Amino acid sequence: MLFKLTGGIVVILCCYTWGFYMSKMGAFRMQDLEQLKKAITIFNAEIKYSATPLYEVFNEIANRTNGVVAMAFEAATEGFLDKKGKTADEIWNKAVIEVQHNAYFNAEDMEYLFSFGRTLGFADKEMQVQNATLLLDYIENAQQELREKRKVEERLYKTLGLLGGIMVCIILF
Amino acid sequence: MSVKNEIVSSFGGKIRIMAEGIDDRIFEEAEEIRIRADRPSVIKLREKTKYITPQGILVDDDKKAFYPEIKDIAATMEILSGYSLYAFSEEVKKGFITISGGHRIGIAGHTVTQNDCVVDIRHINSLNIRISHEIKGCANIILPYIFNCHSVMNTIIISPPGCGKTTLLRDLTRLISNSLINVSVVDERSEIGGTFRGKRNNDCGKNTDVLDGCPKTVGMKMLLRSMAPDCIVVDEIGEDKDIDAIEEILNCGVAVICTVHGATIKDVLNRTSLKRLTEIKAFDRYVFLHNKGKTGRVEEVLDENLKVLWRDE
Numbered sequence: 001m002l003f004k005l006t007g008g009i010v011v012i013l014c015c016y017t018w019g020f021y022m023s024k025m026g027a028f029r030m031q032d033l034e035q036l037k038k039a040i041t042i043f044n045a046e047i048k049y050s051a052t053p054l055y056e057v058f059n060e061i062a063n064r065t066n067g068v069v070a071m072a073f074e075a076a077t078e079g080f081l082d083k084k085g086k087t088a089d090e091i092w093n094k095a096v097i098e099v100q101h102n103a104y105f106n107a108e109d110m111e112y113l114f115s116f117g118r119t120l121g122f123a124d125k126e127m128q129v130q131n132a133t134l135l136l137d138y139i140e141n142a143q144q145e146l147r148e149k150r151k152v153e154e155r156l157y158k159t160l161g162l163l164g165g166i167m168v169c170i171i172l173f
Numbered sequence: 001m002s003v004k005n006e007i008v009s010s011f012g013g014k015i016r017i018m019a020e021g022i023d024d025r026i027f028e029e030a031e032e033i034r035i036r037a038d039r040p041s042v043i044k045l046r047e048k049t050k051y052i053t054p055q056g057i058l059v060d061d062d063k064k065a066f067y068p069e070i071k072d073i074a075a076t077m078e079i080l081s082g083y084s085l086y087a088f089s090e091e092v093k094k095g096f097i098t099i100s101g102g103h104r105i106g107i108a109g110h111t112v113t114q115n116d117c118v119v120d121i122r123h124i125n126s127l128n129i130r131i132s133h134e135i136k137g138c139a140n141i142i143l144p145y146i147f148n149c150h151s152v153m154n155t156i157i158i159s160p161p162g163c164g165k166t167t168l169l170r171d172l173t174r175l176i177s178n179s180l181i182n183v184s185v186v187d188e189r190s191e192i193g194g195t196f197r198g199k200r201n202n203d204c205g206k207n208t209d210v211l212d213g214c215p216k217t218v219g220m221k222m223l224l225r226s227m228a229p230d231c232i233v234v235d236e237i238g239e240d241k242d243i244d245a246i247e248e249i250l251n252c253g254v255a256v257i258c259t260v261h262g263a264t265i266k267d268v269l270n271r272t273s274l275k276r277l278t279e280i281k282a283f284d285r286y287v288f289l290h291n292k293g294k295t296g297r298v299e300e301v302l303d304e305n306l307k308v309l310w311r312d313e
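From first to last, the protein sequence lines are chains A and B. For the first sequence, the working numbering gives the first residue as 1, with consecutive numbering after it. For the second sequence, the working numbering gives the first residue as 1, with consecutive numbering after it.
So here's chain A without its partners, still in its complex pose (with noise of 0.2 Å):
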């Protein structure tokens, strides 16, 4: 008896805590997407005001932020930097996709993201600016959709794991 108990417990609090992290997806999400977001502030202020270099861009922008979006842009610095042949497109799809595995973007995200690369390094100022506008706005508008979305989530994540792990219960007993 007390071993199905215990194992009952086990079983509820498993479900619980993954509920608990589903619901903390968003709220990373907003995290990785608020870090992508000051990252592109600065990129247009370095790009439309002073005519500074890419790989120093990247490199400031890898310094003023955190998490994935730091490492991408860091990634992506010492790419340029290599002075391999490759372009700046290949380089930043390189830098993104080796930090994917460690964010919470989402396919969406992620394909904004790798069109932000397709104009990187050859376009002039004012369509870099445009570009990385672009996805400036993508991400406002994905941020807010989030932010009425987590809240229902959060809740519905939470109880469905507490409820899925004593159905399994009733039913394993």
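Just to be clear, a hint being listed does not mean it is correct.
Within a straight-line C-alpha distance of at most 20 Å, the following computed EDC-like cross-link-like pairs (lysine to aspartate or glutamate) qualify [as the list claims (entries may be wrong)]: (1) K48(A) / E91(B); (2) K24(A) / E148(A); (3) K199(B) / D212(B); (4) K94(B) / E126(A).
If you are wondering where the hints come from, they were derived from the structure by calculation, not from laboratory data. On a predicted model such as this, the values are computed, not experimentally measured, just so you know.
Using the hints provided, position chain B relative to the given structure of chain A.
Okay, now just chain B, sitting in the frame of chain A:
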């Protein structure tokens, strides 16, 4: 960094693979590499011109040559600007970018104009990589005619393109500057100092100030006021306003060393403004370069009365 490394690290796409295959020694004597979209790639050496195969081998048959695609040129533009073409918009408008080592990359493509001014070059399809060589000592032979007893003669160096005017001018600057003379250089195209992002790559002497990327007329007047030079050095004068500025500098008692395109003294005299300077004997020395053989080889030196002082036999 060797000349080859400087050039190769600026290339992208298949152009890079081609350049990597070219022998190091060939880069030492190469003057120009011409890359054109869908046309054979060409390398100009001191005494011959050859096609380059995709593996970097020099051949005479254009069918074996490497035909770059426009995307290879786009990748090269991206890399040679350090992925920051937006930061080079002023240079692109003028039609060239100077890369690390002072090598000048001329560009051609579709120009975007506004009020008769070029504001951008898009769809770049031709590159002319002019390889800068420092030949230390090439001005030794003419130095006694140009510089003596701490005074510098007003000198004009005349030759067709690609004969080594800039190379000779750079060496002359170095030699004069190392004799404790304050030399100021207006380096509009960053070819004399080879300055790249503030770092001077070529040896222009110990007492030289370089005003990099500045238009000649403005630069000469600026240096006169700001740096109190004994001698001002300027490359490739040509427009009337450049010559007016030189006249002003000469009237201030500062020596000028400049270069101009031309082959003979007639070419100089055919230009009204230069003829005027010749008539008032503004220049003390006229230096002509050989258009064959070694880069920067002097053919003759004339004095202010156009009499031959020295001639290469």
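Verify the proposed pairing of K199(B) with D212(B), using a straight-line Cα cut of 20 Å. Within the cut-off at roughly 10 Å; holds.
Given the proposed pairing of K94(B) with E126(A), does the C-alpha separation stay at or below 20 Å? 19 Å, holds
Between K48(A) and E91(B), is the straight-line Cα distance small enough, at 20 Å or below? Cα-Cα ~17 Å, so holds.
Next pair to validate is K24(A) with E148(A); report whether the Cα-Cα distance is within 20 Å. Holds - the C-alpha atoms of E148(A) and K24(A) are around 14 Å apart, at most 20 Å.
In the structure shown, no violation is registered for any of the earlier numbered hints.
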